[in-house]
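Enquirer: Each chain, written out:
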Amino acid sequence: MILNVWKTQQLGIKTIEHLSMVFIALLIIIFIGIGIGIFLYNRRNLSDIVLNILNVIETIPELVLLVILMPFLGIGFKPTIVASILYSILPVARNTYVGLTQVDQQYLESARAMGLAEKEILWHVRIPLALPLIAAGVRIAIVFTMGVVTLGGLIAAGGLGGPIQTGIHLYDKDIIIVTGLWIGILAVLVDSIGSWIEKLLNRRYGYD
Amino acid sequence: MIDINIILNAVGEHLFLAYSALFISIILAIPLAIISLYNRYLASVLLVLANLVQAIPSFAVVAIAVPLLGIGFKPAIFAIILRIILPLFKNAYTGLKDIDFFYIDSARGIGLNKMEILRYIRFPHAFPAIFAGIKFAAVIANSVAILTSLIGAGGLGELIFEGLTNFNIPKVLTGAIPAMIIAILLDVSFSLIEKRISLEN
Amino acid sequence: MAPSKKFFNKIDKIEIKNVSKNYGAVIAVNQVSLDIIGGELLILLGPSGCGKTTLLRMINRLVETDDGQILINGQDVKSFNPVLLRKNIGYVIQQIGLFPHMTVKENISLVPKLEGWTEKEMNQRVKELLELVSLPPEQFLNRKPKELSGGQQQRIGLARAMVMDSPLLLMDEPFGALDPILRKQLQEEFIKVKERLQRTIIFVTHDIEEAFRLGDRVAILREGQLIQVARKNELLVNPANDFIADIVDSNKKFRHLDNLTIKDTMLPLEKKYIFQSDETAQSAIQRMIKEQIEFGIVLENHNYKGTIKLNQLYANQEKKLKEIYSQVPTYNSTDSVAIALDDMKKNNNFIGIVMEDEPIGILLSDELLSRLI
Chain A
1 MILNVWKTQQ LGIKTIEHLS MVFIALLIII FIGIGIGIFL YNRRNLSDIV LNILNVIETI
61 PELVLLVILM PFLGIGFKPT IVASILYSIL PVARNTYVGL TQVDQQYLES ARAMGLAEKE
121 ILWHVRIPLA LPLIAAGVRI AIVFTMGVVT LGGLIAAGGL GGPIQTGIHL YDKDIIIVTG
181 LWIGILAVLV DSIGSWIEKL LNRRYGYD
Chain B
1 MIDINIILNA VGEHLFLAYS ALFISIILAI PLAIISLYNR YLASVLLVLA NLVQAIPSFA
61 VVAIAVPLLG IGFKPAIFAI ILRIILPLFK NAYTGLKDID FFYIDSARGI GLNKMEILRY
121 IRFPHAFPAI FAGIKFAAVI ANSVAILTSL IGAGGLGELI FEGLTNFNIP KVLTGAIPAM
181 IIAILLDVSF SLIEKRISLE N
Chain C
1 MAPSKKFFNK IDKIEIKNVS KNYGAVIAVN QVSLDIIGGE LLILLGPSGC GKTTLLRMIN
61 RLVETDDGQI LINGQDVKSF NPVLLRKNIG YVIQQIGLFP HMTVKENISL VPKLEGWTEK
121 EMNQRVKELL ELVSLPPEQF LNRKPKELSG GQQQRIGLAR AMVMDSPLLL MDEPFGALDP
181 ILRKQLQEEF IKVKERLQRT IIFVTHDIEE AFRLGDRVAI LREGQLIQVA RKNELLVNPA
241 NDFIADIVDS NKKFRHLDNL TIKDTMLPLE KKYIFQSDET AQSAIQRMIK EQIEFGIVLE
301 NHNYKGTIKL NQLYANQEKK LKEIYSQVPT YNSTDSVAIA LDDMKKNNNF IGIVMEDEPI
361 GILLSDELLS RLI
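Chains as they are written, first to last, in our numbering: chain A, 1 to 208; chain B, 1 to 201; chain C, 1 to 373.
If you're looking for bench data, these hints aren't it; they were derived computationally from the structure. Glycine included, every Cβ here is placed at the ideal spot set by N, Cα and C. Just to be clear, a hint being listed does not mean it is correct.
Partner residues are not named here, just some residues of chain A that face chain B (Cβ under 8 Å, in silico) [claimed, not checked]:
{"hint": "1", "residue": "Leu27"}
{"hint": "2", "residue": "Ile28"}
{"hint": "3", "residue": "Ile60"}
{"hint": "4", "residue": "Leu63"}
{"hint": "5", "residue": "Ile68"}
{"hint": "6", "residue": "Met70"}
{"hint": "7", "residue": "Pro71"}
{"hint": "8", "residue": "Leu151"}
{"hint": "9", "residue": "Gly167"}
{"hint": "10", "residue": "Val188"}
{"hint": "11", "residue": "Asp191"}
{"hint": "12", "residue": "Leu200"}
To be clear about the criterion: a stretch of chain A counts as covered by chain B if any three or more of its residues have a C-beta under 8 Å from a C-beta of chain B, and this derived list gives those stretches [to be verified]:
{"hint": "13", "stretch": "82-90"}
{"hint": "14", "stretch": "154-161"}
{"hint": "15", "stretch": "181-187"}
Mimicking DSSO-like on lysine-lysine, the simulated pairs with C-alpha atoms at most 27 Å apart in a straight line are [said to hold, decoys possible]:
{"hint": "16", "chain 1": "A", "residue 1": "Lys119", "chain 2": "C", "residue 2": "Lys78"}
{"hint": "17", "chain 1": "A", "residue 1": "Lys119", "chain 2": "C", "residue 2": "Lys6"}
{"hint": "18", "chain 1": "C", "residue 1": "Lys105", "chain 2": "A", "residue 2": "Lys199"}
{"hint": "19", "chain 1": "A", "residue 1": "Lys119", "chain 2": "C", "residue 2": "Lys144"}
Input sequences plus hints: build the corresponding full structure.
Expert: Rendered as structure tokens:
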């Protein structure tokens, strides 16, 4: 049953499609998320409003966000990537911002006393010490992005959501079980990789 | 044009589905958290499970309900509960557990028994955490209840899916826009309540 | 090597002129005037909240003055870019603030790296500095701060402050958080470093014993005002007022001096200082780092054999303690303090073991007391 579904639904290719979408979305999310976090660190008066807006976006149901983008972006790959980004930027941006602003005072004090300029303190002290928290944010983003990309199957983006939709339409329990479980396993695997990277960074840059 | 009654009807179905699932989950999760306070094995199993399940996409959870319970309202409510019960449990459990031992000890000192400590010490202390869990679960329930239309549970998602099959964007939006408004109202009202709670404490 | 913009090769004079600082209604520093002579170690002494740290931080502009002027070699500190000024002045704080994500080497060479030194120059400088603060470079270069004891971290903090070879060093209670014996050890080391380097040092402390041990002159502050600045003996003989007399405690100590025994002034021997003679140096190192101490007493079947110091253990990690301990003087608990202190001073010891049937305490040399005797 497993092999059969795997073959007819081309789960191998779909998995590659799926993971490449997740990967592309994540790269953009990390880039923009950390960028927003650093921007907010420089403009703290904007932090409340920006983080609140991102927070509201995150409460919108994933599928709704996806279909609301359709009038602007059509169907398929584009709205799926954009929805993933909109949905997952908050944890990265917020954790970056919090990580940068909450560096222990003693490190800032000694950095200033050594004659480091604010920019040097940002690059050599604040960002490295914020990395564990940023990684935790990225890990949440990975989970969200997996969720949104799976839904992308419903609007013809490819990936593993497609076979599930097929399974439900045909009421084919084999397809549903195999694909559903495979997505579950894949999600847990990807999340464990995220957690492993987070631990590594924690060991390297954590406080204790 | 689309009948306003159809939309209202869909909103009703959506809310009923999401909130019955939320209600049932709370009723199940809190006793589970209390039992876990006194059963370390159960607690650690559920916590590990909670972290694993959190990573699984909602769509996969909804799909898996079909081979188990078929289509319709029942598998839909089951899928939502599956999605939110563990986060609810996790918040309630950590809230009840993470209380300074000093308070428990002094409560014992003045002669409170286990139940009284739970009622008068642990619960008030855990309330903000439990509430944060409920807020989180409500957002997810609202989101998954859209998806469950795919397995025949009706609601706003049904308008979206019908629109998608005919590529009828206005119809998609008649489902999507009310869903978005509900989500935002939900977040705003929960945030207001949360603020009031934190003011009281 | 010096910072790319070197403001001073040598400190001739620092003039603090009528300097004030308010925080809202609180006057932290009130019209303080004080001259610091190039090459001296000046102590700023006073209870917490007296304004000594604020005064110190105004010199490298971590705090800006509200009023008055601070001149280094005749130049107003406000005429310098504050960031560049700080690269020209070394600064050591009590919390040390070593960056947890960097190794010892990276911590010390951060500013040199930003200044564009070559790898070779940085390695050379870091090694020099580690030797200066009595840490074997091979052992420490690549460690992380969390693998170091408090005393080792503080030495690295000192090395980091000296990396740009600045002629002026500001120190804010650098030894304040350490175990009393370790504090004394570091003070002794610091005196030697100071003599080798000939820097101008301004040193904040609330510990009068430390002030008398390290300082050339002592400035005493209270409630933001400078009460007296003088050489040490003068403070004892000629306190400006009762407050100073009270701080140096002279009357009280004179009164008791005749019948003071060692037992009255020693530190009781805590368990953490005791090591067994068949323990390896390696396990002693681990215990010392965990306990945040660098000194231990070696016993064999309850009999005192000798003492060990953390630094000498690193070179002999495989050996047992019985092969490496060294001797310090022992005194009887009923001996007179005056005689013991005199003896320690003559033989250049700062630590002695107090014996009854077995060791019961540790006597640390007391600069203040020995000046009074």
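Enquirer: Taking the hints in turn, state whether each one holds.
Expert: For each hint, the structure was consulted:
no. : hint                : verdict
1   : Leu27               : 20 Å, violated
2   : Ile28               : 19 Å, violated
3   : Ile60               : 5 Å, holds
4   : Leu63               : 5 Å, holds
5   : Ile68               : 5 Å, holds
6   : Met70               : 6 Å, holds
7   : Pro71               : 6 Å, holds
8   : Leu151              : 5 Å, holds
9   : Gly167              : 7 Å, holds
10  : Val188              : 5 Å, holds
11  : Asp191              : 4 Å, holds
12  : Leu200              : 18 Å, violated
13  : 82-90               : violated (count 0)
14  : 154-161             : holds (count 3)
15  : 181-187             : holds (count 4)
16  : A/Lys119 x C/Lys78  : 21 Å, holds
17  : A/Lys119 x C/Lys6   : 21 Å, holds
18  : C/Lys105 x A/Lys199 : 24 Å, holds
19  : A/Lys119 x C/Lys144 : 24 Å, holds
Violated hints, in rising order: 1, 2, 12 and 13; the structure is consistent with all others.
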